[in-house]
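Position one of the sequence shown corresponds to residue 1 (the working numbering), numbered consecutively onward.
Honestly, the hints are just simulated from the structure, not real lab data.
Computed from a predicted structure; not experimentally measured.
Misleading hints may appear alongside valid ones.
Claimed, not checked - What follows is a set of in silico ranges between Cβ atoms, one per label pair, in the way DEER data are often shown: (1) 80 to 4: 20 to 28 Å; (2) 68 to 38: 34 to 42 Å; (3) 99 to 5: 37 to 45 Å; (4) 45 to 4: 36 to 44 Å; (5) 56 to 103: 21 to 29 Å; (6) 33 to 68: 20 to 28 Å; (7) 67 to 38: 34 to 42 Å; (8) 96 to 135: 15 to 23 Å; (9) 101 to 8: 17 to 25 Å; (10) 3 to 102: 39 to 47 Å; (11) 95 to 135: 41 to 49 Å.
Ideal placement from N, C-alpha and C gives every residue a C-beta, glycine not left out.
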Amino acid sequence: MGNLFAWVSLCFCGGVFGALANSVLVWMAGAYGWTAAMGVAIAPEWTLPWLYQRLVWGGLWGLVFTPRFMPNSCLWRGLAVSVGPTLVQLLIVFPNQLGKGYWGLDLGNLTPVVVVVANAVWGCAAAAWIMGGDDNRHGYGRRLR
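Throw the hints in and build the complete structure from the sequences for me.
See below:
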């Protein structure tokens with residue numbers, strides 16, 4: 001994709017798509033009792049304010065896909081980029097904004113596992129969207145000079 005604006009827009013939209021996939025997973029896990037079965041107190045209600053902030057942050061994190069220097073694999077690219085939002089959630093949001101302790105352990109001992117899996121879904125869905133919209137799929141793996 002030669003147009004930088006189009007490429008950045010694609011990365012943002014990929015992040016939004018990944019956030020939608022992540023949100024559906026997190027909501028379903030709470031609604032169907034999957035997180036409760038793991039001893040994790042994460043069961044959000046599906047509301048527009050909850051979804052809106054997740055979509056915006058997902059889009060902003062999608063901008064991390066803008067540089068074309070990662071392997072040409074949706075899985076590995078998505079997993080690598082998902083490390084950023086995972087660390088922010090576990091080390092900044094849970095302890096400082098929500099008061100749930102580092103790693104969110106006040107929500108349950110397996111909270112980090114839930115966050116890692118949910119953000120891996122975000123990363124892989126975002127990478128798949130971006131790869132599907134890129135007209136130069138093989139160019140993603142090239143290093144910029």
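Quick rundown of the hints versus the structure:
1. For residue 80 and residue 4, the Cβ-Cβ distance of about 22 Å falls inside the hinted range of 20 to 28 Å, so the restraint holds.
2. Between residue 68 and residue 38, the C-beta spacing of about 37 Å keeps the proposed range 34 to 42 Å intact.
3. In this structure, residue 99 and residue 5 meet the distance hint of 37 to 45 Å, their C-beta atoms being roughly 40 Å apart.
4. Distance hint for residue 45 and residue 4: a CB-CB separation of about 39 Å, consistent with the stated range 36 to 44 Å.
5. Between residue 56 and residue 103 the beta carbons are some 24 Å apart, a value that agrees with the proposed interval 21 to 29 Å.
6. Roughly 41 Å separates the CB atoms of residue 33 and residue 68, a value that falls outside the hinted 20 to 28 Å.
7. Between residue 67 and residue 38 the C-beta distance comes to about 35 Å, which sits within the given range of 34 to 42 Å.
8. The given range of 15 to 23 Å is broken by residue 96 and residue 135, whose C-beta atoms sit roughly 41 Å from each other.
9. In this structure the hint that residue 101 and residue 8 lie 17 to 25 Å apart at CB is violated, the actual value being about 36 Å.
10. Between residue 3 and residue 102, the C-beta spacing of about 42 Å keeps the proposed range 39 to 47 Å intact.
11. A hinted range of 41 to 49 Å for the beta carbons of residue 95 and residue 135 is consistent with their spacing of about 42 Å.
The structure does not agree with the numbered hints 6, 8 and 9 stated previously, though it agrees with the rest.
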